[in-house]
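Student: One-letter residues, chain by chain:
There are 2 protein chains.
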Amino acid sequence: MTREPLPPGSTIGILGGGQLGRMLAQAAAKLGFRACVLSPEPDSPAFAVSAAHICAAYDDAEALKRLAGEADVVTFEFENVSAQALALLEGAALVAPPRVALEVTQDRLAEKRFLDTLGLPTAPYATVENASALAGAAEALRGSADQDAFFLKLARQGYDGKGQFKIKSAEDISKAQAWLANTNAVLEQAVAFEMELSVVAVRGGDGAMLFYDVPQNIHRDGVLRESIVPAPIPESVRREAQSYARRIAGALDYVGVLAVELFLLRQEGGLRLLVNEIAPRVHNSGHWTLEACAVSQFENHIRAVAGWPLGATWRHSDARMVNLLGKDVEDALTLLREDPARSLHLYGKHEARDGRKMGHYVELRPAAVKPRM
Amino acid sequence: MTREPLPPGSTIGILGGGQLGRMLAQAAAKLGFRACVLSPEPDSPAFAVSAAHICAAYDDAEALKRLAGEADVVTFEFENVSAQALALLEGAALVAPPRVALEVTQDRLAEKRFLDTLGLPTAPYATVENASALAGAAEALRGSADQDAFFLKLARQGYDGKGQFKIKSAEDISKAQAWLANTNAVLEQAVAFEMELSVVAVRGGDGAMLFYDVPQNIHRDGVLRESIVPAPIPESVRREAQSYARRIAGALDYVGVLAVELFLLRQEGGLRLLVNEIAPRVHNSGHWTLEACAVSQFENHIRAVAGWPLGATWRHSDARMVNLLGKDVEDALTLLREDPARSLHLYGKHEARDGRKMGHYVELRPAAVKPRM
Numbered sequence: 001m002t003r004e005p006l007p008p009g010s011t012i013g014i015l016g017g018g019q020l021g022r023m024l025a026q027a028a029a030k031l032g033f034r035a036c037v038l039s040p041e042p043d044s045p046a047f048a049v050s051a052a053h054i055c056a057a058y059d060d061a062e063a064l065k066r067l068a069g070e071a072d073v074v075t076f077e078f079e080n081v082s083a084q085a086l087a088l089l090e091g092a093a094l095v096a097p098p099r100v101a102l103e104v105t106q107d108r109l110a111e112k113r114f115l116d117t118l119g120l121p122t123a124p125y126a127t128v129e130n131a132s133a134l135a136g137a138a139e140a141l142r143g144s145a146d147q148d149a150f151f152l153k154l155a156r157q158g159y160d161g162k163g164q165f166k167i168k169s170a171e172d173i174s175k176a177q178a179w180l181a182n183t184n185a186v187l188e189q190a191v192a193f194e195m196e197l198s199v200v201a202v203r204g205g206d207g208a209m210l211f212y213d214v215p216q217n218i219h220r221d222g223v224l225r226e227s228i229v230p231a232p233i234p235e236s237v238r239r240e241a242q243s244y245a246r247r248i249a250g251a252l253d254y255v256g257v258l259a260v261e262l263f264l265l266r267q268e269g270g271l272r273l274l275v276n277e278i279a280p281r282v283h284n285s286g287h288w289t290l291e292a293c294a295v296s297q298f299e300n301h302i303r304a305v306a307g308w309p310l311g312a313t314w315r316h317s318d319a320r321m322v323n324l325l326g327k328d329v330e331d332a333l334t335l336l337r338e339d340p341a342r343s344l345h346l347y348g349k350h351e352a353r354d355g356r357k358m359g360h361y362v363e364l365r366p367a368a369v370k371p372r373m
Numbered sequence: 001m002t003r004e005p006l007p008p009g010s011t012i013g014i015l016g017g018g019q020l021g022r023m024l025a026q027a028a029a030k031l032g033f034r035a036c037v038l039s040p041e042p043d044s045p046a047f048a049v050s051a052a053h054i055c056a057a058y059d060d061a062e063a064l065k066r067l068a069g070e071a072d073v074v075t076f077e078f079e080n081v082s083a084q085a086l087a088l089l090e091g092a093a094l095v096a097p098p099r100v101a102l103e104v105t106q107d108r109l110a111e112k113r114f115l116d117t118l119g120l121p122t123a124p125y126a127t128v129e130n131a132s133a134l135a136g137a138a139e140a141l142r143g144s145a146d147q148d149a150f151f152l153k154l155a156r157q158g159y160d161g162k163g164q165f166k167i168k169s170a171e172d173i174s175k176a177q178a179w180l181a182n183t184n185a186v187l188e189q190a191v192a193f194e195m196e197l198s199v200v201a202v203r204g205g206d207g208a209m210l211f212y213d214v215p216q217n218i219h220r221d222g223v224l225r226e227s228i229v230p231a232p233i234p235e236s237v238r239r240e241a242q243s244y245a246r247r248i249a250g251a252l253d254y255v256g257v258l259a260v261e262l263f264l265l266r267q268e269g270g271l272r273l274l275v276n277e278i279a280p281r282v283h284n285s286g287h288w289t290l291e292a293c294a295v296s297q298f299e300n301h302i303r304a305v306a307g308w309p310l311g312a313t314w315r316h317s318d319a320r321m322v323n324l325l326g327k328d329v330e331d332a333l334t335l336l337r338e339d340p341a342r343s344l345h346l347y348g349k350h351e352a353r354d355g356r357k358m359g360h361y362v363e364l365r366p367a368a369v370k371p372r373m
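Order-wise, the sequence lines are chains A and B.
Quick note, the first sequence lines up with residues 1 to 373 if you use the working numbering.
Quick note, the second sequence lines up with residues 1 to 373 if you use the working numbering.
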């Protein structure tokens, strides 16, 4: 997708109006673009910072056509875009990232096979067609395992630990069967990792690719809590992680920001990386780039899909990003009082439901190692 | 003005919808506030990034009451707010910065007298009631001057070099008289400065005050072109400049971000500072704080007027801000291509009129001196 850059004042269509859509819309406005956001909730966080919005369901054909008609390019805050919606949008507008990136990542099975094709390492897994196939799959996988725990993950619609079932015992298997019923799933060996990492990178339409520094990510209950840069890893691991993202993005002829989540394992031969998941979008583990880099993941995503030159991804400061979930948000002012170098983002969500991502903050520190441009 | 902090989700009213209002609205949204902007132009830059807006004249009483009714606090992107508008707003809402700060700074005579009262140095000046008093004022001022050039500045409504007339000769005086007619003005001796500087600082309702680093400012034709941090000045000058801003803000019982523009002179006794102008608002010479500081001038202004804790103002990187005036904006993509560490802001203005501020960019470099927190 090499093409003429969009002129300033063009409209960036964004499917999805949550916090990622909000920060994408803010980045678009920074560059002088109009943002037009489609989202079903009338109080979508992105609406309040966008020049225009369309409040409609993601499968509303008329609304999708309107979005495509208004926008000079359409992009996404999430990967679970239906094939029909994609076809509609592609028929009427430029779309980025490309369809194949959404198709591969919205289905865990397709994603695993894609990674296999590229020869990239993942945790041992087996496909599970439905509940009755589960026990056999577990048996087969257990043969190769040095431990005995699994994640059963629905092939579709999983995020933030949703759509997952942890299996630690024989009884869990029958519970998991009831939970799974007739749905397609992937059974994954639970790996004893040392650390979780992610690569957030941006690829332009001309194939040029830039990488942000690799954060260490800390999850609880399947939800990201903290991202820390620099991660305490050797340079060789950082480079290897980034090389995985390069291969993934290249194979998808990707345009925009993409994140690859990884496990770091300590094994007899040394450190080893496994690919956990690909996200074809800006990513929670890259929020610190707004504070700690010359050009953030949000701005670079907009630059890429608009055909603009990519911006510098070097990190000028050390940073720690902490998500505010549910009632955490009530402590926001105390958190600012405790440390003036905390940069707060609240998403404008009204209801602080348990576990809901309400905001985040980024703590900035002078870089311990002098920044490399 | 010590009071309870506004809860997240509160509404920040902003009078003025240009680029400063726009960046204030974006900072408000970042913190989870709703921004409601009042501005007369239907395509005001701030409207596209605000949850709500009121398109009305600045002296429209009904509109001002609506703004005050919607907002939990009202603030300003400019100082030329009429006494009537201020009275209306104050009657119905919290207002920050305080009225006296606007009154003092919207009238050059009042501002000079205020600075005199504080014992802060300014360029020699004389008040000029009208055209007929000009020649005498020039004569009196010339007596004390080692040079022979003046600026005649209208007492009210001047900004970006507008409302000024440069006098270099006797003929200029008669031209200036025709230009001035019956208006109040200040005649200022044109000082041969070494450098222009500014202090951008924030003061909370509790009197706590934080300072950004002092930029060197480069003007052409009275309009700011570049701001550079660090400025090539000794630490003692930086501290003295900041102490001036502290006295000014203290005397005004100021709340919010305030800028003080200064001239640095090299005289026989060494370096000397003169106060040029006070701006009771976020300032063009502080735009680099978005890229180079943990918390920007815009966010700190919103934090201050909302009664929130102030954020860290230390500078993690060296920076150079360059304004894009008029057709400069056509080179935006070339500028990004030339240096990926340029962070671009376009204000979404449609018409690139000569000299109009269309956007700016900030070049970031790793700090030559390790940042002090």
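Hint data in this document are derived by calculation from the structure and do not stem from the laboratory.
Note that beta-carbon positions come from the ideal geometry of N, C-alpha and C, so glycine has one too.
Where hints are given, some of them may not hold.
If you anchor each label on the Cβ, the simulated ranges turn out as follows [said to hold, decoys possible]: (1) B:Arg365 - A:Arg365: 42 to 50 Å; (2) B:Ala140 - A:Pro5: 54 to 62 Å; (3) A:Ala61 - B:Lys370: 51 to 59 Å; (4) A:Glu139 - B:Arg337: 53 to 61 Å.
Each computed SDA-like pair below joins lysine to any residue, with the alpha-carbon atoms no more than 25 Å apart [to be verified]: (5) A:Lys168 - A:Leu264; (6) A:Lys327 - B:Ala51; (7) A:Lys370 - B:Ser10; (8) B:Lys162 - B:Ala208; (9) B:Lys370 - A:Leu6; (10) B:Lys370 - A:Ala368; (11) B:Lys370 - A:Ala312; (12) B:Lys327 - A:Glu4; (13) A:Lys65 - A:Pro5; (14) B:Lys370 - A:Glu4; (15) A:Lys168 - A:Ala131; (16) B:Lys327 - A:Leu6; (17) A:Lys327 - B:Gly9; (18) A:Lys370 - B:Pro232; (19) B:Lys327 - A:Pro7; (20) B:Lys327 - A:Pro230; (21) A:Lys370 - B:Asp339; (22) B:Lys370 - A:Pro7; (23) B:Lys327 - B:Pro309; (24) A:Lys370 - B:Lys370; (25) A:Lys327 - B:Ile233; (26) B:Lys370 - A:Arg320; (27) A:Lys168 - A:Pro124; (28) B:Lys370 - A:Val369; (29) A:Lys370 - B:Trp314; (30) B:Lys327 - A:Pro309; (31) A:Lys327 - B:Ser10; (32) B:Lys370 - A:Pro232; (33) A:Lys370 - B:Ile233; (34) B:Lys370 - A:Ala231; (35) A:Lys370 - B:Val369; (36) A:Lys370 - B:Pro309; (37) B:Lys370 - A:Asp318; (38) A:Lys370 - B:Lys162; (39) B:Lys162 - B:Met209; (40) B:Lys370 - A:Glu338.
Student: Work down the list of hints and note, for each, if the structure agrees.
Tutor: Now for the hints, and whether the structure bears them out:
no., hint, in the structure
1, B:Arg365 - A:Arg365: 42 to 50 Å, "18 Å, violated"
2, B:Ala140 - A:Pro5: 54 to 62 Å, "58 Å, holds"
3, A:Ala61 - B:Lys370: 51 to 59 Å, "57 Å, holds"
4, A:Glu139 - B:Arg337: 53 to 61 Å, "57 Å, holds"
5, A:Lys168 - A:Leu264, "22 Å, holds"
6, A:Lys327 - B:Ala51, "24 Å, holds"
7, A:Lys370 - B:Ser10, "40 Å, violated"
8, B:Lys162 - B:Ala208, "34 Å, violated"
9, B:Lys370 - A:Leu6, "39 Å, violated"
10, B:Lys370 - A:Ala368, "10 Å, holds"
11, B:Lys370 - A:Ala312, "21 Å, holds"
12, B:Lys327 - A:Glu4, "20 Å, holds"
13, A:Lys65 - A:Pro5, "23 Å, holds"
14, B:Lys370 - A:Glu4, "41 Å, violated"
15, A:Lys168 - A:Ala131, "17 Å, holds"
16, B:Lys327 - A:Leu6, "17 Å, holds"
17, A:Lys327 - B:Gly9, "15 Å, holds"
18, A:Lys370 - B:Pro232, "22 Å, holds"
19, B:Lys327 - A:Pro7, "14 Å, holds"
20, B:Lys327 - A:Pro230, "41 Å, violated"
21, A:Lys370 - B:Asp339, "20 Å, holds"
22, B:Lys370 - A:Pro7, "39 Å, violated"
23, B:Lys327 - B:Pro309, "40 Å, violated"
24, A:Lys370 - B:Lys370, "9 Å, holds"
25, A:Lys327 - B:Ile233, "47 Å, violated"
26, B:Lys370 - A:Arg320, "19 Å, holds"
27, A:Lys168 - A:Pro124, "16 Å, holds"
28, B:Lys370 - A:Val369, "10 Å, holds"
29, A:Lys370 - B:Trp314, "17 Å, holds"
30, B:Lys327 - A:Pro309, "20 Å, holds"
31, A:Lys327 - B:Ser10, "18 Å, holds"
32, B:Lys370 - A:Pro232, "22 Å, holds"
33, A:Lys370 - B:Ile233, "24 Å, holds"
34, B:Lys370 - A:Ala231, "21 Å, holds"
35, A:Lys370 - B:Val369, "10 Å, holds"
36, A:Lys370 - B:Pro309, "30 Å, violated"
37, B:Lys370 - A:Asp318, "13 Å, holds"
38, A:Lys370 - B:Lys162, "44 Å, violated"
39, B:Lys162 - B:Met209, "31 Å, violated"
40, B:Lys370 - A:Glu338, "23 Å, holds"
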